[in-house]
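Q: Residue strings, one per chain:
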Amino acid sequence: NAGVTQTPKFQVLKTGQSMTLQCAQDMNHNSMYWYRQDPGMGLRLIYYSASEGTTDKGEVPNGYNVSRLNKREFSLRLESAAPSQTSVYFCASSVQNSPGGYGYTFGSGTRLTVV
Amino acid sequence: GIQVEQSPPDLILQEGANSTLRCNFSDSVNNLQWFHQNPWGQLINLFYIPSGTKQNGRLSATTVATERYSLLYISSSQTTDSGVYFCAVLYNFNKFYFGSGTKLNVKP
Numbered sequence: 022n023a024g025v026t027q028t029p030k031f032q033v034l035k036t037g038q039s040m041t042l043q044c045a046q047d048m049n050h051n052s053m054y055w056y057r058q059d060p061g062m063g064l065r066l067i068y069y070s071a072s073e074g075t076t077d078k079g080e081v082p083n084g085y086n087v088s089r090l091n092k093r094e095f096s097l098r099l100e101s102a103a104p105s106q107t108s109v110y111f112c113a114s115s116v117q118n119s120p121g122g123y124g125y126t127f128g129s130g131t132r133l134t135v136v
Numbered sequence: 134g135i136q137v138e139q140s141p142p143d144l145i146l147q148e149g150a151n152s153t154l155r156c157n158f159s160d161s162v163n164n165l166q167w168f169h170q171n172p173w174g175q176l177i178n179l180f181y182i183p184s185g186t187k188q189n190g191r192l193s194a195t196t197v198a199t200e201r202y203s204l205l206y207i208s209s210s211q212t213t214d215s216g217v218y219f220c221a222v223l224y225n226f227n228k229f230y231f232g233s234g235t236k237l238n239v240k241p
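Chains as they are written, first to last, in our numbering: chain A, 22 to 136; chain B, 134 to 241.
The shape of chain A in the complex, shown without the other chains (with noise of 0.2 Å):
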C-alpha cells in the first residue's frame, strides 16, 4: 500500500538509552518530516529534508539528529534519550502538486516513552 511507514509503533526508553526511528514513504516525494506531538501542543517540527541529500532543523531540533539514506527513508535519532523526549513522533512526506498546491501525508506515529 503507498504511504508513509514508521517503525517501531511504541517504544520504552531508559534514561540515556539511544535509538532510531525509521520512516520510508513510497510516493515518490521530495520532502520528508519529523514531527512531534505533545498534549495541547499541536504538532512541532524537529527537522525537514527538502530533498534527497539535504537537511535541515525545525522548530525544536535540539536532541535529536536526522539521515537522509534515500529518497525514500529518512531517519531520526536519540543519541542519549531523556525524559523531555516522550512524545509521539510522526513522519510525512510531501510533493509540491500543481498548481501550487501540497499533497501531504503522515506516517501512523510512534509512541516513545523515556522512564
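What the hints contain is simulated information worked out from the structure, not anything from laboratory work.
Source: prediction; values computed, not measured.
Honestly, I wouldn't trust all of these hints.
[Said to hold, decoys possible] For lysine to aspartate or glutamate, the following DMTMM-like pairs were computed, each having C-alpha atoms within a straight-line distance of at most 25 Å:
no. : chain 1 : residue 1 : chain 2 : residue 2
1   : B       : K228      : A       : E73
2   : B       : K240      : A       : E80
3   : A       : K30       : A       : E94
4   : B       : K236      : A       : D59
5   : B       : K228      : A       : E80
6   : B       : K228      : A       : E94
7   : A       : K78       : B       : D160
For chain A, the structure is supplied; the task is to place chain B on it using the hints.
A: Using the frame of chain A, we list chain B on its own:
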C-alpha cells in the same frame, strides 16, 4: 517564527449541529492546510487552501490571506467527525507550522 492560533480549543456538539473552527496566523504564508486527527491518532489531509473557498461534502473551508485567517465549517456533524482539527501554514516555502488544534467531540 510564525504564530498559528486556533479557536476554540475544545468544542462539544450534538450530532447534526453545525460548527465553525478558526485559524489565525501572524504573517504572510505560502500555503495553508487543514488536517483531521482521528481518535486513533491518524492524521488526514482535509484541504489545501491558501486562499478562497473549497467544499468537500459536509466540510468547507475559507481562507482570507490578506486578513490572515482561515475558517473550517462542519455542517450536519456526525460522531465520525470527532477528533482534533489542525491548521498548518507553510512558511519560508518548506516549513509547515501547526496550530495547537481544536478538539471536537460530537455526541450522538
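Q: For a C-alpha distance cap of 25 Å, please report whether K78/A and D160/B respect it.
A: Roughly 20 Å between the alpha carbons, so the hint for K78/A and D160/B holds.
Q: Are the Cα atoms of K228/B and E73/A separated by 25 Å or less?
A: Roughly 16 Å separates the two Cα atoms, so the pair holds.
Q: Quickly compare the C-alpha distance for K228/B and E80/A to 25 Å and report which way the hint goes.
A: Holds: K228/B and E80/A sit about 9 Å apart, inside 25 Å.
Q: Take the C-alpha atoms of K30/A and E94/A, compute the straight-line distance between them, and say whether it is at most 25 Å.
A: 17 Å, holds
Q: For K236/B and D59/A, compute the direct alpha-carbon distance and say whether it is at most 25 Å.
A: The given pair, whose Cα atoms are some 14 Å apart, holds under the 25 Å limit.
Q: What's the verdict on K240/B and E80/A, does the C-alpha distance respect the 25 Å limit or exceed it?
A: 36 Å, violated
Q: Below or equal to 25 Å on CA atoms is what counts here, so check K228/B against E94/A.
A: 19 Å, holds
In summary, the one numbered hint that this structure violates is 2.
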